[in-house]
Amino acid sequence: MSVEIGLLYSRIRRDEKLLLSELRDRGHDVQKIDVRDTMFGVGAAGGEGFNADDTENETSDAGDDTEEATDAMSALAGCDVVLDRCLATSRSVYTTRFAEAYDVPVVNDPATARVCADKVETSLALTAAGVPTPETRVAFDTESALAAVESFGYPCVLKPVVGSWGRLMAKLEGRAAAEAVLEHKATLGHYEHKVFYVQQFVAKPGRDLRVLVCGTEPVAAMSRSGDHWLTNAKRGAETAAFELDDHAAELATAAAEAVGGGLLGVDLMEVGAAEDADAADSDADAADADTETESRYTVHEVNHTVEFKALNDAVDRDVPATVVDWLEATHGAETDDTSGTDDTEQVIAE
Amino acid sequence: MTETDCVECGGTVALHDDSEVGEIVDCETCGVELELLEAEPPVLDRAPELEEDWGE
Numbered sequence: 006m007s008v009e010i011g012l013l014y015s016r017i018r019r020d021e022k023l024l025l026s027e028l029r030d031r032g033h034d035v036q037k038i039d040v041r042d043t044m045f046g047v048g049a050a051g052g053e054g055f056n057a058d059d060t061e062n063e064t065s066d067a068g069d070d071t072e073e074a075t076d077a078m079s080a081l082a083g084c085d086v087v088l089d090r091c092l093a094t095s096r097s098v099y100t101t102r103f104a105e106a107y108d109v110p111v112v113n114d115p116a117t118a119r120v121c122a123d124k125v126e127t128s129l130a131l132t133a134a135g136v137p138t139p140e141t142r143v144a145f146d147t148e149s150a151l152a153a154v155e156s157f158g159y160p161c162v163l164k165p166v167v168g169s170w171g172r173l174m175a176k177l178e179g180r181a182a183a184e185a186v187l188e189h190k191a192t193l194g195h196y197e198h199k200v201f202y203v204q205q206f207v208a209k210p211g212r213d214l215r216v217l218v219c220g221t222e223p224v225a226a227m228s229r230s231g232d233h234w235l236t237n238a239k240r241g242a243e244t245a246a247f248e249l250d251d252h253a254a255e256l257a258t259a260a261a262e263a264v265g266g267g268l269l270g271v272d273l274m275e276v277g278a279a280e281d282a283d284a285a286d287s288d289a290d291a292a293d294a295d296t297e298t299e300s301r302y303t304v305h306e307v308n309h310t311v312e313f314k315a316l317n318d319a320v321d322r323d324v325p326a327t328v329v330d331w332l333e334a335t336h337g338a339e340t341d342d343t344s345g346t347d348d349t350e351q352v353i354a355e
Numbered sequence: 749m750t751e752t753d754c755v756e757c758g759g760t761v762a763l764h765d766d767s768e769v770g771e772i773v774d775c776e777t778c779g780v781e782l783e784l785l786e787a788e789p790p791v792l793d794r795a796p797e798l799e800e801d802w803g804e
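First to last, the protein sequences are chains A and B. Residue numbering for the first sequence follows the working numbering, beginning at 6 and increasing consecutively. Residue numbering for the second sequence follows the working numbering, beginning at 749 and increasing consecutively.
What the hints contain is simulated information worked out from the structure, not anything from laboratory work. Some hints here could point you the wrong way.
To be verified - Estimated spans, in silico, between C-beta atoms of each pair: (1) A/A245 / B/D753: 38 to 44 Å; (2) B/E797 / A/T132: 34 to 40 Å; (3) B/R794 / A/T71: 21 to 27 Å.
This structure is a prediction, so every number in the text was calculated from the model and none was measured. We put the beta carbon where it would ideally sit given N, CA and C, even for glycine.
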């Protein structure tokens, strides 16, 4: 039985093409919904009293220059499940919420999207769940933010509360740089830049780890290595398959559970080896590093519209097939097609 | 493979048969990023600039 799947998007990346191809190959009906061309009604505006066809007719009569938009409720109504692949976080957070309001199952859940979209929320959720995550302090004024920075010492990290691909991340090496960056952030305009998210610098061993989780199960992992302190794949880090040990897999599961589960990218850093190496260089640092993480890993991010093309290139596992396997399993779809993977027990071995 | 014109420089842009509406293609002549707005016949426009909240 095929399933009608709505795919919310604003840009078709290679990730979306991989998913679309896998879904279509299995006979599922896919409805692409460009959220830029869509309006999401609230209450009667999006309910039974709203007639998108009438609107289209009216706008057509008004002339070719009149903008038209698809009614989201109508577009989503026939979908068995909606997959949020919005490139923009703001759109992702709102559109998943609308899907929920329209009683259409959505991946990921809007509550998960909200937690993952905001680093403060993510940190709070991880900490509440007992998942090791870098020590973080949040301030709302440049002076208190500077105090937070100084409380960590240098280097420490200043991150935007909303953002991706390593953009606007600052590794602060000293007070003068901290003062300058804080001043610049305060003038950027948007209120989110006045939420100062200050975090301990984790001396990772030149790489971090990306774990793809379906539901709460880790299904594939890769390392992302580079000389830069930021090792995002988007910034050109080298990727390679990574074999998760039991502890890392448990943390990935715990992190996913902490944000509500779903199709997620959990990012971890290894903390043990680098701290040992640093200890030899700095007795003072070693004294301060009370290894608040007995864990050998710390979880620094959970992504709710996870990109996986680099992961798919790095691991043997067919990642889009695995994702669609999970979608079918969680949304009651059964197909006659046998092209799906059957290796969910091999997750950790890759 | 389908060919169409770049809206920026007029150069030829080749589109793969599996191109999707919403996909971004690069013009190999001028380097501009183009978004495929319609598949058949192909309609291209300049791709949106990077937004602050883009990402994963």
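Report the numbers of all earlier hints that the structure fails to satisfy, in ascending order.
No hint contradicted; all consistent.
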